[in-house]
Amino acid sequence: MEESIIPGFRFVPRTGVIYVMHEAAQHGFSYDDPNWANLGQGSPETGPIPGAPARIESVTIHATSQQYGPVAGSRDLRQAVADFYNHTFRRGKTSQYTRDNVSIASGGRLALTRLASALGNINMGHFIPDYTAYEELLSVFKAFTSIPILLDAEGGYKIPLGALKKEILGRGLSALLVSNPCNPTGQLIEDGELREWCELARECECSLIVDEFYSHYIYNAKEPSKMVSAAAFVENVDEDPIIVVDGLTKNWRYPGWRISWTLGPKAVIEAIASAGSFLDGGANHPFQSVAAKLLNPQVAAQETAAIQSHFGHKREYVLGRLKRMGIGVDAEPAGAFYVWANLSQLPKPLNDGMNFFREGLKESVIIVPGIFFDVNPGNRRAHGRYENYCRISFGPEMKKLEIGLDALERVIGKFGKWGK
Numbered sequence: 001m002e003e004s005i006i007p008g009f010r011f012v013p014r015t016g017v018i019y020v021m022h023e024a025a026q027h028g029f030s031y032d033d034p035n036w037a038n039l040g041q042g043s044p045e046t047g048p049i050p051g052a053p054a055r056i057e058s059v060t061i062h063a064t065s066q067q068y069g070p071v072a073g074s075r076d077l078r079q080a081v082a083d084f085y086n087h088t089f090r091r092g093k094t095s096q097y098t099r100d101n102v103s104i105a106s107g108g109r110l111a112l113t114r115l116a117s118a119l120g121n122i123n124m125g126h127f128i129p130d131y132t133a134y135e136e137l138l139s140v141f142k143a144f145t146s147i148p149i150l151l152d153a154e155g156g157y158k159i160p161l162g163a164l165k166k167e168i169l170g171r172g173l174s175a176l177l178v179s180n181p182c183n184p185t186g187q188l189i190e191d192g193e194l195r196e197w198c199e200l201a202r203e204c205e206c207s208l209i210v211d212e213f214y215s216h217y218i219y220n221a222k223e224p225s226k227m228v229s230a231a232a233f234v235e236n237v238d239e240d241p242i243i244v245v246d247g248l249t250k251n252w253r254y255p256g257w258r259i260s261w262t263l264g265p266k267a268v269i270e271a272i273a274s275a276g277s278f279l280d281g282g283a284n285h286p287f288q289s290v291a292a293k294l295l296n297p298q299v300a301a302q303e304t305a306a307i308q309s310h311f312g313h314k315r316e317y318v319l320g321r322l323k324r325m326g327i328g329v330d331a332e333p334a335g336a337f338y339v340w341a342n343l344s345q346l347p348k349p350l351n352d353g354m355n356f357f358r359e360g361l362k363e364s365v366i367i368v369p370g371i372f373f374d375v376n377p378g379n380r381r382a383h384g385r386y387e388n389y390c391r392i393s394f395g396p397e398m399k400k401l402e403i404g405l406d407a408l409e410r411v412i413g414k415f416g417k418w419g420k
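Here the sequence shown stands for residues 1 to 420, numbered as in our numbering.
All the given hints hold, so there is nothing to weed out.
Keeping only pairs whose Cα atoms sit at most 25 Å apart, straight-line, the calculated BS3-like set for lysine-lysine is:
#: 1; residue 1: LYS266; residue 2: LYS93
#: 2; residue 1: LYS266; residue 2: LYS293
#: 3; residue 1: LYS314; residue 2: LYS222
#: 4; residue 1: LYS362; residue 2: LYS414
#: 5; residue 1: LYS323; residue 2: LYS348
#: 6; residue 1: LYS158; residue 2: LYS323
If you are wondering where the hints come from, they were derived from the structure by calculation, not from laboratory data.
Can you build the whole structure from these sequences, using the hints too?
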C-alpha cells in the first residue's frame, strides 16, 4: 500500500481495470496502435454489428438541454425506463413501474455510489469473485458493514438457495449486492431460480440490489432476444425490497454516454436522488432525450438479438482457443462477455495471474489478473484468492480477439509449448 505525502489525504487505489490500463500505458499501449489487443476491457465493441439497429453518431443539443437537468433524471427518460420494464417484464401484472420508480445517473458506478451512500447502519452481503470496482465502493462508506460470501469453482460459482438463506439470516444481512450475470465468471441467475431469490428477499426482509448491466448478454437461451431482470418477479413495485441497476453502457453498447438508471421502490428512489444532490448533481442532460428512444422495446429487442448472435460467436471462438492453449475454464460463461480463466495448468510462472498479465504486456496484450476480483473492502482479510486466475474479455471486435489470443500463445510458447 502506498501512502499519501499530502497531509489529510489517503491513498486511493485504482480499480483492477484502471490499474492494468495504467501499467499497459507504461509499456506503450495506445488504442491507435494496431499491434495491441486489450482483452482486459470492460466494455463491448461499440461499432455496427450484424443485425443491430443503426448506431447513433450525432446528437442535436437543444437550448433547454444546455441547463442542468433534474438530479433524478429527465421525466421523459425516467418514464421510458419504466415503460420498458413494464412492457418487457411485467405485462399483465397489476403493479406497474412509473417514473417515480426510476432515477437516472452518470453510469453504473455512480448509480451504485448513490445507493451505497443511502444505506443505513446495516450488514450488506456481497459475493466473491465479483466486479473489481465494488471493493472501494464498499469500503469508502462507513455506515454499513460489508460481508463477503465466497463462491467457489466446485459449486460452479453459484450458491444454492438454502445456503443463501443461511447467509442472510446467520449474518444478519439487510442488503445483498449481486451482479447478474456475474462479472467476472459470467454465471447467471434466471427464471425460477431468480424468482426464488426475489421471494427470499421479501421473506427475509433483505434488500436485493441487482447489477444487471450484462443482462442482455445471454447465451444458450431457448427463446431469441432473451433478457433477464429481477423486475419480472417483483410483486409490488413500491414494497418489494428489490432494486435493479442497469444502463446504456453494455446492453445498448454506448459506454461513453455514461447513462444509467436505478429501478426500485419510490422510497429508495427518493433517497438516492437526495444523495445525488450532493454527490454529483445529475446526469448528462443532452444525452437523456436521445437515450429515451433507445428504450423502445423493438429497438432493444433487435439490439439484444444481434448481441447474442455476435457475442455468442466470439464466446465460442475464445473458449476454443483457450482450451487449445491449456487454459482451463471452471464454468463456461452463461452471460456477460468474460471468461474466468484458470491458469493453474500453465507452466510457471504463468500459472500466476499477475505474472501472466506482466508477460502479456511484453507481447502487447492486456488481461486482468484474478486477484482484483477478490473483493476485499478495507483489506480486512489477510489471505487473497484467485492468484491462479485471470479475466479475459471477448468484448473487443473479432480482429482484436485474434491478435490478443495469438499474443497469449506467444507468451505461453516462451515458457513451454502450448496446446499439450
